[in-house]
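S.K.: All chains should be built: construct the whole structure from the sequences, respecting the hints.
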Amino acid sequence: MTSTKPFLKDAAVYLVDDDPAIRDSLSFLFMSRQMTAVPFDSGEALLEALPLKGCACIVLDMRMGALSGLETFNRLKEAGCNAPVIFLTGHGDVPVAVEALKSGAADFIEKPFNDNQLVNTVIACLENHFGLMSENRERAMIESQLQQLSARELDVLRLLMAGMLNKQIADALSISMRTVEVHRARILSKMRARNAVELAANLASHGIELA
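Numbering-wise (our numbering), the sequence shown opens with residue -9 and increments by one.
Among the hints, erroneous ones may be present.
Below, in silico cross-link-like pairs of lysine-lysine (DSS-like), each with a Cα-Cα straight-line distance of 25 Å or less [stated by the list, open to error]: (1) K180 x K157; (2) K43 x K67; (3) K(-1) x K43; (4) K67 x K92; (5) K(-5) x K43.
Note that these hints are calculated values from the structure, not bench results.
M.R.: Printed below as a string of structure tokens:
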């Protein structure tokens, strides 16, 4: 079965389990759904592969050898990896998995698991990660655009975002109305916004505040 979700085309599912039979079974499951599966036999092996590129989801067995699933998860966080993590747990591991959820894990699924449940959970996590990556790219683009503004353009932008009219900005900065209009046009051009309202919405939606 091939998924119709376009973001899955370049996404990868990282499968971490020290049991080769489970690893092979998981790999086959996702590959049969036309998804990219990348297996690892230990948490250490996954950590050595960092940083993960692109849209990703990690399926992590809770009980493994030298480095447990929880320890691997904590090290992933320390390394700044923001890919969602789904734990595979046995019944006795549920309390630990709940604590992992409180620490930022995406979900946990008890063994034996239903194939469709696991695949659907992974797809939902990949979709969320894709959205987060898109948002981060957009935020980085806006921050880059802000860096292209001159000091005077930033002054005008701050007052513009405070709701001031052109005349008020001109008086506050002791410049002419014409100069304000020129700065305003350049700001909108550099920030790729049609008007001040759209620019304000772009800044607010990405949590960007002007210093």
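S.K.: All the hints need checking, so say for each whether the structure fits it.
M.R.: Evaluated hints:
no.	hint	verdict
1	K180 x K157	holds (22 Å)
2	K43 x K67	holds (16 Å)
3	K(-1) x K43	holds (14 Å)
4	K67 x K92	holds (13 Å)
5	K(-5) x K43	holds (19 Å)
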